[in-house]
Structure formats: C-alpha cells, structure tokens
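Trainee: Next come the chains, spelled out residue by residue.
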Amino acid sequence: DAGITQSPRHKVTETGTPVTLRCHQTENHRYMYWYRQDPGHGLRLIHYSYGVKDTDKGEVSDGYSVSRSKTEDFLLTLESATSSQTSVYFCAISLGSGSNNEQFFGPGTRLTVL
Amino acid sequence: AQTVTQSQPEMSVQEAETVTLSCTYDTSESDYYLFWYKQPPSRQMILVIRQEAYKQQNATENRFSVNFQKAAKSFSLKISDSQLGDAAMYFCAYRSIYNTDKLIFGTGTRLQVFP
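Protein chains in written order, with this note's numbering: chain A, 1245 to 1358; chain B, 80 to 194.
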C-alpha cells in the first residue's frame, strides 16, 4: 500500500459539466500521474507532475487540466465533460525519475458522463 | 515511439498448471525497463514483476517468471502452479530510461483460472 487515495471512487455526471478528481498521497513522493483505462487501450497517460506546480502533458491530454498546489494532492479537471471521457481514471505515484522509478497505483475512479 | 503489444486478449488455465502470457514491444532504445502488472476484479493495479533490459538474467518472483528475449523484443510472463487468485487482467508495460515519467501499456490479457 503506497498510501494513495482517490476521490470520488465513482461519479456520474452530465455532458458539459465540470468534474474534478482528486488524488491524495501520504508518502511525500515527488512524481504523480493520471491515467485513463479504456477497453482495448490499456492505460494511457493523461498528465503527470514532477513537483509542486510542475506538470506536463501525456499521451491523451486534450480536454483535461491538472493542478498540484501541494505535494500530497494532484487534481485532474475535466472543464466540460464529454461522453468520450467516460472511463476509469487511475492516479499513480513514484519515488522519482531515477532507475527505481516504479509506479504505484491508486484504487481508481469510475467516471460516467451521460 | 515505443509500442507494446499483447496479442492474446484472453487466456485460460487449469488450477495448478502453467500458463504463459505473451508481450512484444517495439523500441529503438537499448536500455529500458519492462513490467507486468496484474489487475484483479477489484481494479487495483499490482506490480507483479520487473525486468531491466541490461540484465540478461530473467526476473523471477515466486511463481512468476519472465522470458526476456531482447533481440526478439519479447517479454512473456510465465505463471507456474496457477491459483484461482491469479485470475485477473495482466498488463505488460514499457518504460524508457530516458523518459522515466511515462509507462506505455499493452492492451491487456484476461486470464481465467479453472478449478
């Protein structure tokens, strides 16, 4: 258990509404990541953070923004949710960018956009 | 760009038997890391095993072992003495040593274990 929690765990929302997912860690790790999981695609990186206020885009960042104002929290925001953003979202953390950069995952958030 | 391919959407095995899950990848890099993750019905992603490309010796973790063929860009997972609790989705993943921020995942293999 790497001390990662995600909230909410499940959410149903309507198209066009803003949604924020929260990832919280208790271990003070520098690197945090947001992935989405869809059938036939595995997990794909949305955004990641390498420190407070330091973020960068991943493979599927369109329609998403992130913020990290504290080491322990990494927020993923869908400014105007669309049905294509229905997915399971995973947060992950790692110790750093060195050779032992193994990623540990949170429990996931299932988001449904109607 | 690197890619990871898992060509077996589903596999099944009898309890106590051995099963091998396939993974191939494409990269122009010489050093990298490879991983197998397990995702049971609980959805939790669990790291099963990792392999450093510069190590010739295949990694093992209890009943789990890999067959790493660097020249063929193949990274298969062997599960010995399969147990009912091994039933899950298994994902192969690649990480560059240069771009250490990103894991590239395959599409997964669903493993069923029959008593």
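Read the hints as simulated data drawn from the structure, not as lab findings.
Treat each hint with caution, since some may be false.
With a straight-line cut-off of 27 Å between C-alpha atoms, the simulated BS3-like cross-links for lysine-lysine are [said to hold, decoys possible]: (1) A:K1301 x B:K134; (2) A:K1314 x A:K1255; (3) B:K181 x B:K152; (4) A:K1255 x A:K1301; (5) B:K149 x B:K134; (6) A:K1314 x B:K149; (7) A:K1301 x A:K1314; (8) B:K152 x B:K134; (9) B:K181 x A:K1297.
Over the 10 Å line for every Cβ pair with chain A, so calculated as not near, a few chain B residues [unchecked claim]: (10) V92; (11) Q123; (12) D180; (13) F184.
Glycine included, each C-beta is placed from N, C-alpha and C at the ideal position.
Trainee: Hints numbered earlier in the text: which of these fail when held up against the supplied structure?
Mentor: 1, 6, 11, 12 and 13
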